[in-house]
Each structure stands twice: as structure tokens, then as C-alpha cells.
Amino acid sequence: MKALLYCFIGLTLVSFMLPEKHKLRIFMAGDSTMQLYDSTKTPQRGWGQLLPEFFREDVEIHDLARGGRSTKSFIAEGLWLKLVTQLEKGDWVIIEFGHNDHDKRKPERYTPPEDYKRNLIKMVNDVKAKGAFPIVLTPIAMRSFDKNGHYYDGHGAYPGKVKEAAEQTHTPIIDLDSIFGAVVAGMGMDSSKALFMNFGPGLYKAYPQGRKDNTHLRAAGAKKVAALFVANLKRLHLKPINQYLL
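Here the sequence shown stands for residues 1 to 246, numbered as in the numbering used here.
Among the clues, some could well be false.
As the list claims (entries may be wrong) - Per label pair, the in silico range of CB-to-CB distance: (1) 107 / 163: 24 to 34 angstroms; (2) 243 / 81: 22 to 32 angstroms; (3) 204 / 113: 29 to 39 angstroms; (4) 194 / 38: 16 to 26 angstroms; (5) 23 / 147: 47 to 57 angstroms; (6) 168 / 242: 19 to 29 angstroms.
To be verified - Calculated pairs, SDA-like style, for lysine to any residue (alpha carbon to alpha carbon, straight line, at most 20 angstroms): (7) 23 / 64; (8) 193 / 173; (9) 212 / 199; (10) 89 / 244; (11) 130 / 234; (12) 234 / 61; (13) 212 / 37; (14) 234 / 193; (15) 239 / 129; (16) 212 / 103; (17) 234 / 246; (18) 122 / 75; (19) 128 / 173; (20) 89 / 169; (21) 72 / 160; (22) 223 / 178; (23) 82 / 122; (24) 234 / 57; (25) 41 / 210; (26) 128 / 91; (27) 122 / 154; (28) 163 / 236; (29) 239 / 88; (30) 82 / 132; (31) 89 / 63; (32) 193 / 146; (33) 223 / 40; (34) 239 / 87; (35) 122 / 172; (36) 128 / 169; (37) 193 / 223; (38) 104 / 154; (39) 122 / 88; (40) 130 / 87.
These are calculated hints, taken from the structure and not from any lab test.
Positions of the beta carbon are idealized from the N, C-alpha and C atoms, including for glycine.
Given the sequences, and given the hints that come with them, work out the whole structure.
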């Protein structure tokens, strides 16, 4: 009886002494193409919303992306500082901006290409200073077709600036602009509408008149972008984040 009692006490002590299982933490900084949406109110989805499906349960994904933000406004509004303040050593940060940076109609968002690059470098350096790991992404492709039905890249100089920032800071990069663009182009002008908020009337209660939005994603588009991100993340062989993928 005493032996059983000592065994129970020993097991109890060991359970208290064992370290808590480490959870990998991933933070996401970006715009409306990445952010969370209320699925009860809109068919619109950010690709970050679908990302948890590709990771183990012991991963925390904090999607802090915010619609309408550029690198400039994300920093100016204190959203970036809020993210950096939460970072701990060993965390990961996924950074994807660009859609709003080239919007000259809104000066609070507009960021010239060189400033955009500088902002990305600042973000990368801030993450590394906390002992965390950044991954930079080119902005996801839009559904851009000319009148002849030929796909074209609508982001101009901005994807190239992401590549320059990644090269200068020796930071992993995933070119979602090219990768997702190839999918959109391959599907063609009509079929690719299914990935985006581009649909006719009567399909969704929230949009009785339909919608013609070639930037923002529906569930199929968000899942496709998330899957493309994960597939290319695996090719980078980054540890330990790849060990947490399903």
C-alpha cells in the first residue's frame, strides 16, 4: 500500500515539474485580403481566416490584419506597435501589404514604392529585434484581365519592392502575387470570379444586387491562397514552423 502511495505522489510531482507544452505563435499583419470577417454576415473571407486549417492545434494564429491599411497607415495608427509589443522570442510574423499602398486617391494610405520598401524593412527589423521570425509576402494577385481576356499583374512596382526588401534583410519571402496570379490566369476570366467577391444578384442575402469586386476573396479564394502559402512555406524548410504544419 505504501509503495502505491509513493508511486502516486511521485507521478503527481512529475506532472507539476514537467514544462508546459510550447505553443507556436504566429502573428499576421496585413490588409483586408488577410483579415478576419464575420461569416454570418458576409461571404467575404481573408486568407488568414483559413490558415488555421493547415496547422496543428498547438499553434496560435493572431490575425491582426486590418482592412484599408497600407504599410504607412498600419504604422501611423499604432497597429504595428501593438503587434510588436506582443511579440516574444520564437514567434513568427507574416507580413503582407501592397493593395492600399498604391492607392493615390487616399493620401493617408498612399505609400510610394521606395517608402513601401523602407516600411517593410522597418517591420522586418522590428520583428528580428524581438527575437522573432518574419516572413514577407508580395500582395496577393487581383483578378485583372484586359478586354481581350488576357490576365495582367495589377500591382506595378510593389511586388518587386518586397523582393528587394527581403533580399536586403535576408528574410524569407513568398511571392503570392505571382503564385496566385498563375491560378487566376489559369482559371480564366469567367471561372476565376468564383475566387473573388464577384457574383450576380440573388446569391447572397447581404448583396441582393450582386457585387463586382476583383480584389477581395470568398471562401474558395481565401482557402486557395492559404493553401498556396502553406505549400510554398514547406519549400522554404523553415524550422520550427514547418514542423507544426499538417
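Check your understanding: Which of the listed hints are broken here?
Key -> 8, 11, 14 and 27
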